[in-house]
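Protein chains: 2
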Amino acid sequence: MARDVAIIGIGCTPFGEFWDKSFRDIFVEAGVAAIEDANVQGEAIDELFVGNMSAGRFVEQEHVASLIADYAGLASLHIPSTRVEAACASGGLALRMGVLAIASGHADIVAVAGVEKMTDVSVSAATDMLTAAADREWEGFAGATFPGLYAMIARRHIHEYGTTSEQLASVAVKNHHNATMNPNAQYRNEISVEAVLGSTMIADPLHLLDCSPITDGAAALVLAPADTARKYTDTPIRILASAQASDTLSLHDRADITTLDATVAAASRAHEMAKTTPEDIDFVEVHDCFTIAEICAIEDLGFFEKGTGGKVTEEGVTAIDGDLPVNPSGGLKGCGHPVGATGIKQAVEIAMQLRGDSGKRQVAGEIGMTHNVGGSGGTAVVHIFSR
Amino acid sequence: MARDVAIIGIGCTPFGEFWDKSFRDIFVEAGVAAIEDANVQGEAIDELFVGNMSAGRFVEQEHVASLIADYAGLASLHIPSTRVEAACASGGLALRMGVLAIASGHADIVAVAGVEKMTDVSVSAATDMLTAAADREWEGFAGATFPGLYAMIARRHIHEYGTTSEQLASVAVKNHHNATMNPNAQYRNEISVEAVLGSTMIADPLHLLDCSPITDGAAALVLAPADTARKYTDTPIRILASAQASDTLSLHDRADITTLDATVAAASRAHEMAKTTPEDIDFVEVHDCFTIAEICAIEDLGFFEKGTGGKVTEEGVTAIDGDLPVNPSGGLKGCGHPVGATGIKQAVEIAMQLRGDSGKRQVAGEIGMTHNVGGSGGTAVVHIFSR
Chain G
1 MARDVAIIGI
11 GCTPFGEFWD
21 KSFRDIFVEA
31 GVAAIEDANV
41 QGEAIDELFV
51 GNMSAGRFVE
61 QEHVASLIAD
71 YAGLASLHIP
81 STRVEAACAS
91 GGLALRMGVL
101 AIASGHADIV
111 AVAGVEKMTD
121 VSVSAATDML
131 TAAADREWEG
141 FAGATFPGLY
151 AMIARRHIHE
161 YGTTSEQLAS
171 VAVKNHHNAT
181 MNPNAQYRNE
191 ISVEAVLGST
201 MIADPLHLLD
211 CSPITDGAAA
221 LVLAPADTAR
231 KYTDTPIRIL
241 ASAQASDTLS
251 LHDRADITTL
261 DATVAAASRA
271 HEMAKTTPED
281 IDFVEVHDCF
291 TIAEICAIED
301 LGFFEKGTGG
311 KVTEEGVTAI
321 DGDLPVNPSG
331 GLKGCGHPVG
341 ATGIKQAVEI
351 AMQLRGDSGK
361 RQVAGEIGMT
371 HNVGGSGGTA
381 VVHIFSR
Chain D
1001 MARDVAIIGI
1011 GCTPFGEFWD
1021 KSFRDIFVEA
1031 GVAAIEDANV
1041 QGEAIDELFV
1051 GNMSAGRFVE
1061 QEHVASLIAD
1071 YAGLASLHIP
1081 STRVEAACAS
1091 GGLALRMGVL
1101 AIASGHADIV
1111 AVAGVEKMTD
1121 VSVSAATDML
1131 TAAADREWEG
1141 FAGATFPGLY
1151 AMIARRHIHE
1161 YGTTSEQLAS
1171 VAVKNHHNAT
1181 MNPNAQYRNE
1191 ISVEAVLGST
1201 MIADPLHLLD
1211 CSPITDGAAA
1221 LVLAPADTAR
1231 KYTDTPIRIL
1241 ASAQASDTLS
1251 LHDRADITTL
1261 DATVAAASRA
1271 HEMAKTTPED
1281 IDFVEVHDCF
1291 TIAEICAIED
1301 LGFFEKGTGG
1311 KVTEEGVTAI
1321 DGDLPVNPSG
1331 GLKGCGHPVG
1341 ATGIKQAVEI
1351 AMQLRGDSGK
1361 RQVAGEIGMT
1371 HNVGGSGGTA
1381 VVHIFSR
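Keeping their order, the protein sequence lines are chains G and D.
At position 143 of the first sequence the residue is numbered 143 (the numbering used here), and the sequence of numbers has no breaks.
Just add 1000 to the spot in the second sequence (first one is 1) and you have the numbering used here.
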């Protein structure tokens, strides 16, 4: 990496169902918060990256990078503004592009944001729009939806490793608990294993409460070269690694659907960059779009042996007071999942934790990780951060 | 710039209406051509960037970066693959991201591609999908389409500078002429000023033949650090500058709609990077989505005084044998405009010209430029190239 990069500002909207706010309202809210937190003027910003999956379909607006520069009041500066997209990993990509822009020397101060406005269409329309993150010709047209695809992964995990529905449910119970301590979370209520198992079956074995919801929200970061970051803040958060990987878009082309090879590859590259191992990571935000996804993630990231993710979750190892807190924010399940925003919101959470600003959900540690997935693993992005 | 970058491979599909080919067929065709032209194996590629405006709406497929890595046979390498989007400037953005990735030191060999499959929907549906590149709330919902927006620009240019319909038509006549010498062009037929003026009025003063068409196509480049490019090819094309700028998304927010400030800003930054002036540019591919757009472009890029673009075009200054050949490929008007592919196809043309491989449409010169616009100027990207 030519230049190291640090986070100097963070901003995040509440996540939820906001019928009184537009797409442009929510990204301005997050962006202004991040810029104010960074103590910079708009004129200091050299470049903008925006992660967004599908504003083209959710709000019939493409070209959102120009819209965002415009509504952030930066149009007269004519800064480069770029939308990046890899479905639900769009936010993670935006962060990585910001890192590349600074590392390249083409930019110094970069704002990166993620945004999605999903609740202005019907749930069935949203489900179809999200299916565009899978292979439309070989999965979508055959009737598969995301709950269906992750249900196949769960079925196979159960078959191979004896994972139980109770273990799946324990992921949701943990993340709802963490979300009760996060004022920005969509769901701030405790749930029980019994409640998950008693909720509507969506795609066997996944119940309603095994699934992350449809959500509006935005999050933003301001980045700077690490060697000048202390000019702006006393608590810069260093980005030790920024790694991204791809895989087949379709599940059926993979040797083993219980492992997301893109996650394995991205994590391996990230540890190489940061000169770390999984043992060095003190806490992690993973992509729990479904409960099974968190179980696969904590295995594929190398924290736990394959097949044991359900067991360790049930035992409390990944609880907020456990050995490895996973999703202290509440994750996608508790916070909600505005798909383009999620990858940035994960980084906001790690930055808050490393600053010691997480209040009731504060965890201890020096090194945090984020893990953001597109589709059923066609893309994965892993970042490692430290004070 | 930390490291200079060069083009070592180029590939482009024919542009046209291909009902017998799918989205995935056409990007594979362009990508394989570029990789073969670069004389590299797929395993050599470190990263992939894809410019695409609206596969989510045109073919109901988001997450196309993973799809493209997959169908290019690169899934098992798990390389990072990123889609970038700024409407019709998406291809130019993909090229710039490739430059940033190499300059940053995160990647050595990078493939960048642009693709759009537009003809699988009705023309009225496509027109609406393209309107998503304008401001949906303030322009699209009020009934504006792109021909309407550019017609307003043309009206104002006529009012301010006395530009004539014949001068507008002369842009289309020139670009059709150049396209007759380009085997990949969608329209390889000569047209006359009378034919343009006699064609259906779309949005006064723009006739049908003032408008670029709806097109399927893909184009790709392979990039390498400039200092190692000669390992792969005897004719590397150096990227002297890669600059991008944004502006207000809506026309009504601009002081003067006859000038695209994003073009002015991007060109100014590009010349600063390349240490050039407009006089140093020997030929240029500009974004002629409508005839008026080429007239504004050659003025805003600093080649001709404001208001004289129509006159110099009519006089033949920008003809293929003129002082400054503009759009020797045939431009968007003659070649067709698969929106995400256009920015990459422009660079393919400049590379062919600088290699001396352009056959009947070969022009002379050492330094070429590309100019790619998103929407009505919310984004502009300018690149400068030399042998």
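Fair warning: there could be bad hints in the mix.
Covered stretches of chain G, as calculated for chain D (at least 3 residues, CB under 8 Å) [claimed, not checked]:
1) 225-234
2) 244-258
3) 305-319
4) 350-360
Label-pair distances were calculated between CB atoms; the ranges are [to be verified]:
5) G:Glu194 <-> D:Val1032: 40 to 50 Å
6) G:Asn189 <-> D:Arg1156: 16 to 26 Å
7) G:Gly73 <-> D:Thr1277: 27 to 37 Å
8) D:Arg1230 <-> G:Asp321: 29 to 39 Å
9) D:Gln1362 <-> G:Glu17: 37 to 47 Å
10) D:Asn1189 <-> G:Ala142: 28 to 38 Å
11) G:Ser122 <-> D:Ser1076: 35 to 45 Å
If you're looking for bench data, these hints aren't it; they were derived computationally from the structure.
None of these values were measured; they are calculated from a predicted model.
The beta carbon of each residue, even a glycine, is placed where N, CA and C say it ideally should be.
- request: Provide an ascending list of the numbers of those earlier hints which the structure does not satisfy.
  value: When the structure is compared with the hints, numbers 1, 3, 4, 5, 6, 8, 9 and 10 turn out to be violated.
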